[in-house]
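K.L.:
Using the sequences plus the hints, can you model the full thing?
Numbering (my numbering), first residue to last: 8 to 236.
Warning: the hint list may mix true and false statements.
[Unchecked claim] Simulated pairs of lysine to aspartate or glutamate, DMTMM-like, Cα-Cα distance not exceeding 20 Å:
| hint | residue 1 | residue 2 |
| --- | --- | --- |
| 1 | 55 | 38 |
| 2 | 150 | 139 |
| 3 | 25 | 113 |
Read the hints as simulated data drawn from the structure, not as lab findings.
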Amino acid sequence: MQASVDIDTSEALTERQKAVLDAALRLLVEEGDQLTMTAVARRASCSKETLYKWFGDRDGLLTAIVQWQASKVRVVPVDGKGLTLASLTVSLARFASDWLKVISSDTSIALNRVAIGRAGSGNDDLGAIVLENGRFALARRLKPVLEAGRQAGLLEFSDAEAAFRTFFGLVARDVQIRLLLGDRLKLTDAAIGGDAVRATQQFLALHGAKNRAARPLEPDDFRSSRPEI
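P.N.:
Take a look at the structure:
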């Protein structure tokens, strides 16, 4: 399996590559396991040679799709030396908001359903790709922020992975599994913003340094336009 294609931000993709990934994702939703490079080339009106040049092989294409989705979850850079509780809180809340928007999108729901459907079948490369370039990649991007918060005396935890899993759980709750099972949740921008604020405040209540106090966080502190998904 090829899972090393380095396309981890939407800015790294040309408009043409984005169009190809859109076509591939539509085919993945429509055909599931039957997705082929030939079918993608036909749907995207490009040559197979171009696809192989850009993505390497079918697994490389799938990896690029997942990385493109994951890139929409932004991790706001933090300055370890000048990090404050306010800036840390905003960074965590923006991450939470973006992640909820991505996992609730039709494309991510379809992609995860296909990956789950293939799990345990012997054809589970897509599941490994989704894990490595989705959840695991997001952990690698957010844990440095958590570590910076600990070094600045703002957070208290003994294990960054455990702290990340706690935050992830507070953000996701039962939302993703309900969506995957067909529940039509009404996730408006306002609802997502409120959930992101709540998850961040709950995380800080669990892991915030006991001698620190944050002002109440408002959704407008971090709200931005919904990423195109």
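K.L.:
Take the hints in turn and mark each one as holding or not.
P.N.:
To see whether the hints hold, each was checked on the structure:
1. 55 - 38: 18 Å, holds
2. 150 - 139: Holds: residue 150 and residue 139 sit about 15 Å apart, inside 20 Å.
3. 25 - 113: 17 Å, holds
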